[in-house]
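As given, the protein sequences belong to chains Z and E, one line each in that order. Residue 111 in this note's numbering is what sits at position 111 of the first sequence, and the numbering runs on without skipping anything. One gets this note's numbering by counting positions in the second sequence from 1 and adding 112 to each.
Just so you know, these hints were derived from the structure itself, not from any lab. Some hints here could point you the wrong way.
[Stated by the list, open to error] Derived contacts from chain Z toward chain E, CB cut-off under 7 Å, selection only:
hint	residue
1	Ser39
2	Gly42
3	His45
4	Ile49
5	Ser51
Note that the Cβ used here is the ideal one computed from N, Cα and C, for glycine as well.
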Amino acid sequence: SQQGEEDPQALSIQEGENATMNCSYKTSINNLQWYRQNSGRGLVHLILIRSNEREKHSGRLRVTLDTSKKSSSLLITASRAADTASYFCATDDGGSNYKLTFGKGTLLTVNP
Amino acid sequence: NAGVMQNPRHLVRRRGQEARLRCSPMKGHSHVYWYRQLPEEGLKFMVYLQKENIIDESGMPKERFSAEFPKEGPSILRIQQVVRGDSAAYFCASSPRIDPQYFGPGTRLTVL
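One chain only, chain Z, in its complex shape (with noise of 0.2 Å):
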């Protein structure tokens, strides 16, 4: 697998529900992102979470960070149709920040 791969690659779910997306990767990290894109746009930042943290809360999002798991999860609580998206798990390779690795991401259906 390579490094920022999320899974499920498809989740459909009801408005309403929970949806969980997971990110693994294989290098040691700083930091581990997650962003939003929705169809033919740009990528939204979400969060970003450090390698010494392991969990990280914004609004509905959860993320969690399980460095001896090479693991990330990312929880979207209550879930709307407007946050029907693909999301992408971003990771540097844990030597400069900056050369950020995407996964080709989940693509998340929220069904009215």
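Take the given structure of chain Z and dock chain E to it, following the hints.
What follows is chain E alone, placed relative to chain Z:
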């Protein structure tokens, strides 16, 4: 504070022509990054620039591609003699320090 601006949003070129993509970073951001997203793929790092300096161009193809971030004006990604394989979405990001990176809406290049 306007976000990262990119123009044009869509660019169509015939094989052999030149493509110039522009990126204006967010106010106060002195770090600029370019990424390329091929269809069905995640973003791939191309180059990192600061004013008048290329810091890391390890993701740039060796030929036909160049980038600059002059003292005045936007950052430019230039692709000479475009080929069909250059068709992709090109995203620019900026940051005040190394992280987080804030992305623009992208330029979608189509080579006919």
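Quick rundown of the hints versus the structure:
1. Ser39: Cβ of Ser39(Z) sits 12 Å from chain E, so the hint is violated.
2. Gly42: This hint holds: Gly42(Z) lies near chain E, its Cβ roughly 4 Å from the closest one there, short of 7 Å.
3. His45: With a minimum Cβ separation of about 5 Å from chain E (threshold 7 Å), the hint on His45(Z) holds.
4. Ile49: With a minimum Cβ separation of about 11 Å from chain E (threshold 7 Å), the hint on Ile49(Z) is violated.
5. Ser51: violated, 12 Å
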